[in-house]
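Colleague: Letter by letter, the chains look like this.
2 protein chains.
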Amino acid sequence: MEARYLLRVLIFFLSVAVVLFFFVVHLPYAPTNTSELLDCATNSPWCTSKNRLQSKQTNILKEPPKPTRHRNHKSDTPHHPLDPLTIQELNKVRSILSSHELFQLSAYALHSVELEEPEKPLVLKWKKGDRLLPRRASVIARVNGRTHVLTVDLGTGQVTVHETGLHYGYPMMTIEDMTTATLAPLANADFNRTIIQRGIDLADLACLPISTGWYGKAEENRRLIKVQCYSMEGTANFYMRPIEGLTVLLDLDTKRVVEISDKGRDIPIPKAANTDYRYSVQEFNQVMNILNPISIEQPKGPSFTIEDQHLVKWANWEFHLKPDARAGVVISRAKVRDPDTGEQRDVMYKGFTSELFVPYMDPTDAWYFKTYMDAGEYGFGLQAMALDPLNDCPRNAYYMDGVFAAADGTPYVRSNMICVFESYGGDIGWRHSESPITGMDIREARPKVTLVIRMAASVANYDYIVDWEFQTDGLIRIKVGLSGILMVKGTPYDNTDQIPNQEDLHGTLLSENVIGVIHDHYVTFYLDMDIDGSDNSFVDVNIKRQLTSPGESPRRSYLKAVRNVAKTEKDAQIKLKLYDPSEFHVINPSKKTRVGNPVGYKVVPGGTAASLLDHEDPPQKRGAFTNNQIWVTPYNQNEQWAGGLFAYQSQGEDTLATWSERDRPIENKDIVLWYTLGFHHIPCQEDFPIMPTVSSSFDLKPVNFFESNPILRIPPNVEKDLPVCKSAASV
Amino acid sequence: MEARYLLRVLIFFLSVAVVLFFFVVHLPYAPTNTSELLDCATNSPWCTSKNRLQSKQTNILKEPPKPTRHRNHKSDTPHHPLDPLTIQELNKVRSILSSHELFQLSAYALHSVELEEPEKPLVLKWKKGDRLLPRRASVIARVNGRTHVLTVDLGTGQVTVHETGLHYGYPMMTIEDMTTATLAPLANADFNRTIIQRGIDLADLACLPISTGWYGKAEENRRLIKVQCYSMEGTANFYMRPIEGLTVLLDLDTKRVVEISDKGRDIPIPKAANTDYRYSVQEFNQVMNILNPISIEQPKGPSFTIEDQHLVKWANWEFHLKPDARAGVVISRAKVRDPDTGEQRDVMYKGFTSELFVPYMDPTDAWYFKTYMDAGEYGFGLQAMALDPLNDCPRNAYYMDGVFAAADGTPYVRSNMICVFESYGGDIGWRHSESPITGMDIREARPKVTLVIRMAASVANYDYIVDWEFQTDGLIRIKVGLSGILMVKGTPYDNTDQIPNQEDLHGTLLSENVIGVIHDHYVTFYLDMDIDGSDNSFVDVNIKRQLTSPGESPRRSYLKAVRNVAKTEKDAQIKLKLYDPSEFHVINPSKKTRVGNPVGYKVVPGGTAASLLDHEDPPQKRGAFTNNQIWVTPYNQNEQWAGGLFAYQSQGEDTLATWSERDRPIENKDIVLWYTLGFHHIPCQEDFPIMPTVSSSFDLKPVNFFESNPILRIPPNVEKDLPVCKSAASV
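Each protein sequence line maps, in turn, to chains A and B.
Each step along the first sequence adds one to the number in the UniProt record's numbering, with nothing skipped, and position 396 is 396.
Each step along the second sequence adds one to the number in the UniProt record's numbering, with nothing skipped, and position 490 is 490.
The hints are simulated quantities; they were obtained by calculation from the structure and are not laboratory data.
Be a bit skeptical, because a hint or two may be false.
Pairs count within a copy or across copies, as identical chains cannot be separated in the list.
As the list claims (entries may be wrong) - Pairs of lysine to any residue, SDA-like flavour, derived with a Cα cap of 25 Å:
{"no.": "1", "residue 1": "LYS591", "residue 2": "ARG256"}
{"no.": "2", "residue 1": "LYS263", "residue 2": "GLU552"}
{"no.": "3", "residue 1": "LYS271", "residue 2": "THR341"}
{"no.": "4", "residue 1": "LYS669", "residue 2": "ASP497"}
{"no.": "5", "residue 1": "LYS577", "residue 2": "ASN495"}
{"no.": "6", "residue 1": "LYS127", "residue 2": "LEU154"}
{"no.": "7", "residue 1": "LYS669", "residue 2": "ARG563"}
{"no.": "8", "residue 1": "LYS720", "residue 2": "ASP365"}
{"no.": "9", "residue 1": "LYS560", "residue 2": "LEU576"}
{"no.": "10", "residue 1": "LYS669", "residue 2": "ASP340"}
{"no.": "11", "residue 1": "LYS120", "residue 2": "VAL161"}
{"no.": "12", "residue 1": "LYS669", "residue 2": "GLY533"}
{"no.": "13", "residue 1": "LYS125", "residue 2": "TYR215"}
{"no.": "14", "residue 1": "LYS263", "residue 2": "LYS726"}
{"no.": "15", "residue 1": "LYS479", "residue 2": "ARG662"}
{"no.": "16", "residue 1": "LYS335", "residue 2": "PHE304"}
{"no.": "17", "residue 1": "LYS127", "residue 2": "PHE304"}
{"no.": "18", "residue 1": "LYS263", "residue 2": "ASN495"}
{"no.": "19", "residue 1": "LYS120", "residue 2": "GLU307"}
Remember, predicted model here, so these are calculated numbers, not experimental data.
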């Protein structure tokens, strides 16, 4: 016994040593030479992709090398007041901060360095050709366990604002926080012992940083994270191989293990077989080559242009587009051309994904805290990886890079983070045929071509595809697609007939020993609508059943549209109701069409889901912005993040729900519309090992904004304009 | 005075004579020589398009001639038990009937001649290569004011079934009914006098046949229709120029005017300016040539085949497709291939648009009755005009013709009624990237290519685009797009500031003197799901909030999936609820996946609307199939039309709602799922003069039907497989 024990300990420590050596070699350090860091995919240490996977499968299929495109952003300069900070500017911020007394202290991390957008009235007044507005950076830093918010004036080189100490939660994690958190448990002997006891080679370990949420005193005054791990032996899809029940609580600031909960020792680790989704590891005889090549072709090239790197012009639309570390994609100053006057008319000052809320529905020890806020905790934009040309976006897509700052302030480039492309899938813009009844020979139809702005954020396992789709008829469709990989739970069961009560499984048995846990997704959009100017009103156009008076009509009932203008915020806290429906308009009460209708846009909900959690449940307090599907607030530059600026471990004291409770006036004011898309997800076997995309969307649609159909005069397709193509092979 | 009066009368009668001559020349007669009638677009008298429009505008733009494609269907033969009747078979039916005693009487009209599908068990047993099942036609005829239902055996040449007299409503109108109804008022001097008094040249008159609905005794025992008219002076879009308040009640059998209601003499006819939507009449300088050519290209051609004219095979799907005079498109025997076993597995025995319900929301004299049932009254398929290649469907579309019978039994061809094409708009089938957190360099994405079956029915003014979209992941999306032209109301107002109470307008002022009246659209689908066989169950998987017990978890609540198997029909009368949501599964209780889940499909609602009319309102009684969004009934070959087989002037005594009230057992039975898509439409100025398409859809989605993601092994796009294109102009 004694000898065996010694041997065990020896093997254990040897293993730890090997693993530590392995990771230390790859540990993310702050870079020293900025000029080498211009493409994340190749240079930046934290984002270097060292493929740690040692697949034991024989790769049969060769994937062609991914096309990559490197733009040199070193000489980028800002042209528009809303342009994001350039590499030169980020370096300047870093240099200004480095001489600031706060950063003389040894340990600091910059959690956010981004443009502080100029005041809205200044931006509205600004025209191309005008002098650029003063450039300022907004910085959120952690220094010695405290959060600081600073404004750096790039013109004067001064820190002009410096606040600290009054915040509830914590800033969004840095990538460095996340990466080091996944490695930190390995410094703990108990943790390593458990891993080995579960039969896992430490070299096969993959760990994920899981935000803790806030559940009471235990989470107070410490920036915490939970880490759970998986075996990546035999598969790139380690998510399907959970080491169930093992949760490490870490202090994010000290990187020290606070507590290890180890409750799933009797739960086997699911097998690797059939979990890998990569094309390169599929057996050749299993590949389904079922479709001939198909492509969207534009022989004269796409119809959009991108001026000064960020100003997108397409058809009758024009808007400013930029990547953002937290929101992902930000659309600003969206304007559409009036076909009658030729004028570019304001539609939306700013629109972006403000927050996500993803509660899992398992209250047990290793699962209850999984109630992610993907933007405020992880950075929705930080998680948006390079898009894969021809597969994530079609052939003629333009790719836009993100330029962000690492924790030490060093700029880096996220290549191909956003794509812009024209889409035509065969849909019809408008049509009419005359039937033989009237004897006219009319067949008029117009193809529908749209412009799509896309990004895809991979927040660990899950992939969110966010599309902003602009239509020539003035409609903007905002679509969220869910794909990627489920967060699954290990179980001793390998067949449902062994399960006493399936309802208590908290999900679906997807494969032997694998449960797909039920969860929701909520994606909340900030939509600062400016319909022909900033002062707008929100109108609930209620569709009401009216009963006729006796003798009035052979009909007993009909529907009436009753317009209710929202006076204050509480009037605009909207829960959608199938049997008490409304249209929801944002109008400009001061501007009317020729026949007298106020110009407006409406938000048109698509399929959605509502959060059903108890309002007093801690995660729902933090995610209280999902208590309604629609909210309207008065414009306030400080109210942009629905879960609060400091969402990490927040207690729900600074959300859209708390702002709206102030019930401020919103009639004929500069107002912001908030819309939440929701999904309930009960996993099914088709989601294993990777999920076919599920999408939902909502629309912003002109309603009496134009005098008439704005695409009446677009021409039909004719044969002679379409391309002449050959299959590439035959060329 | 006397002389002036005489002159007026003279002018009036002269005009009438001219008009009558004009129409008589074009009056639809039954054709005599069948062989000349094979293309509706050129030969059949009723569907000949004699352009009655005499545009006074100068046509500036020349439209290229529409490509037409004529298939000769004279020698078509049936290959599959569900193939529609061929021209030869329709001629045989006509000849068999002509020797039947019933049709020796002088006046008769065939309202429906179509395949009587063989019994389902026989069809299920039938395999390609087997002898074709006996061919029978189902005929609905009106003879001397009575409705007859007959079965004609094409093998024996006998009428085997002949029923009459037990029907509530009337059969769907023939095209001849509709065409002659629009002309009949001209035989009435009062009508013509009114038209002339309103200042309309009789040659500019366009009239529409409007189903009357059923509102009580007045409609009993007479087949009635209402006719309303428009001025087409100066525009092809006469719908925008209503002669408001003038309604002619006609007896459809005698074609005689029963009553004229003329109440809108003080309402001006709206102007023609800016109403014409045809490309050819747009002024050149107004045309918006804003986009470069764009096309879906497939250099190796499309990936689908159509065997024996009706059997569509694409990717992993296979189904039978046919045009239908009433339903439009019928999809039968849809099967998807299991990627593991290679087996073609049953998904749906039959799916089609069963009925539409379109109530307008104006209870006044000229509007209250507008509560259309477009399939059962007008024939949704009969109204599906030829699709316009390159605009209604993209380049590589295949077009399928409809073969129908005219009122005298003569077959005719509706060319290009359905199109089949592959769609790729840039969407993603599935994807996953690894973030730097795990250090793996993974970017895997697969493009989403789908197969679309499309038809577009122009039920007078409105256009309904119905898409059945098949995805390789097993999902079927059923999408309805609304376009075409509004049904508008004349008004003296030309600005909203003149209107005392806009809520009483029953709609929106769209242009001077034009109100777009509020209305709803409901489209009810018949979906005979056969999940791996006919005996299936319907499961309401309810998503329920659970509160945790004190001390059980830091969480207070979570969601649980509670499965309720519907025992009888009333268990499956479903109203969707955002705050009490469910998934709705059709499962095969006898077949389980490897890990024990029952195989199934779920119906996934998209954005929808519910009918809010009073349940006792006459139109809602007839449209009671919209009282729920989902119903499930046991399979019954006689229950296919949600508003009843004889929907015209029905009283609601034979609808899906009445069948479902019988509360028959539906557990582990051959069941039919019914889903209703709904739209509330408050018109807006953008809908004038023609509406940009508005769409809504729902999905049939595999849920534990496959063992795992069925498209895991499809390959990504690579550059070398994509086409090489040139702009046509440069070739």
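Colleague: For each hint, tell me whether it holds in the structure or not.
Modeller: How the hints compare with the structure:
1. With identical chains, the CA atoms of LYS591 and ARG256 are never at most 25 Å apart, being 60 Å at best within one copy and 51 Å at best between copies.
2. For the homomeric pair LYS263 and GLU552, the shortest alpha-carbon distance between copies (16 Å) is at most 25 Å, but the shortest distance inside one copy (72 Å) is not.
3. In this assembly of identical chains, the alpha carbons of LYS271 and THR341 lie at most 25 Å apart only when taken from different copies (21 Å versus 65 Å within one copy).
4. For the homomeric pair LYS669 and ASP497, the shortest alpha-carbon distance between copies (23 Å) is at most 25 Å, but the shortest distance inside one copy (60 Å) is not.
5. For the homomeric pair LYS577 and ASN495, neither the shortest alpha-carbon distance inside one copy (39 Å) nor that between copies (32 Å) is at most 25 Å.
6. With identical chains, the CA atoms of LYS127 and LEU154 are at most 25 Å apart within one copy only, with a shortest distance of 21 Å there and 77 Å across copies.
7. Taking the shortest Cα distances, LYS669 and ARG563 sit within 25 Å of each other inside one copy (18 Å), while across copies they are farther apart (48 Å).
8. When the C-alpha separation of LYS720 and ASP365 is checked against a cutoff of 25 Å, the pair qualifies neither within a copy, at 65 Å, nor between copies, at 51 Å.
9. When the C-alpha separation of LYS560 and LEU576 is checked against a cutoff of 25 Å, the pair qualifies both within a copy, at 18 Å, and between copies, at 22 Å.
10. When the C-alpha separation of LYS669 and ASP340 is checked against a cutoff of 25 Å, the pair qualifies neither within a copy, at 27 Å, nor between copies, at 60 Å.
11. Taking the closest pair of Cα atoms, LYS120 and VAL161 come within 25 Å of each other only inside a single copy of the chain (19 Å); across copies the shortest separation is 77 Å, beyond that limit.
12. In this assembly of identical chains, the alpha carbons of LYS669 and GLY533 lie at most 25 Å apart only when taken from the same copy (10 Å versus 60 Å across copies).
13. With identical chains, the CA atoms of LYS125 and TYR215 are never at most 25 Å apart, being 46 Å at best within one copy and 61 Å at best between copies.
14. When the C-alpha separation of LYS263 and LYS726 is checked against a cutoff of 25 Å, the pair qualifies neither within a copy, at 61 Å, nor between copies, at 63 Å.
15. Taking the closest pair of Cα atoms, LYS479 and ARG662 never come within 25 Å of each other, the shortest separation being 31 Å inside a single copy and 42 Å across copies.
16. For the homomeric pair LYS335 and PHE304, the shortest alpha-carbon distance inside one copy (15 Å) is at most 25 Å, but the shortest distance between copies (41 Å) is not.
17. Only within a single protomer do LYS127 and PHE304 lie at most 25 Å apart by alpha-carbon distance; the minimum there is 21 Å, versus 52 Å between protomers.
18. For the identical chains of this complex, LYS263 and ASN495 are intra-copy neighbours only, at 22 Å inside a copy versus 72 Å across copies, given an alpha-carbon limit of 25 Å.
19. With identical chains, the CA atoms of LYS120 and GLU307 are at most 25 Å apart within one copy only, with a shortest distance of 22 Å there and 62 Å across copies.
Consistency note: the structure conflicts with the earlier hints numbered 1, 5, 8, 10, 13, 14 and 15.
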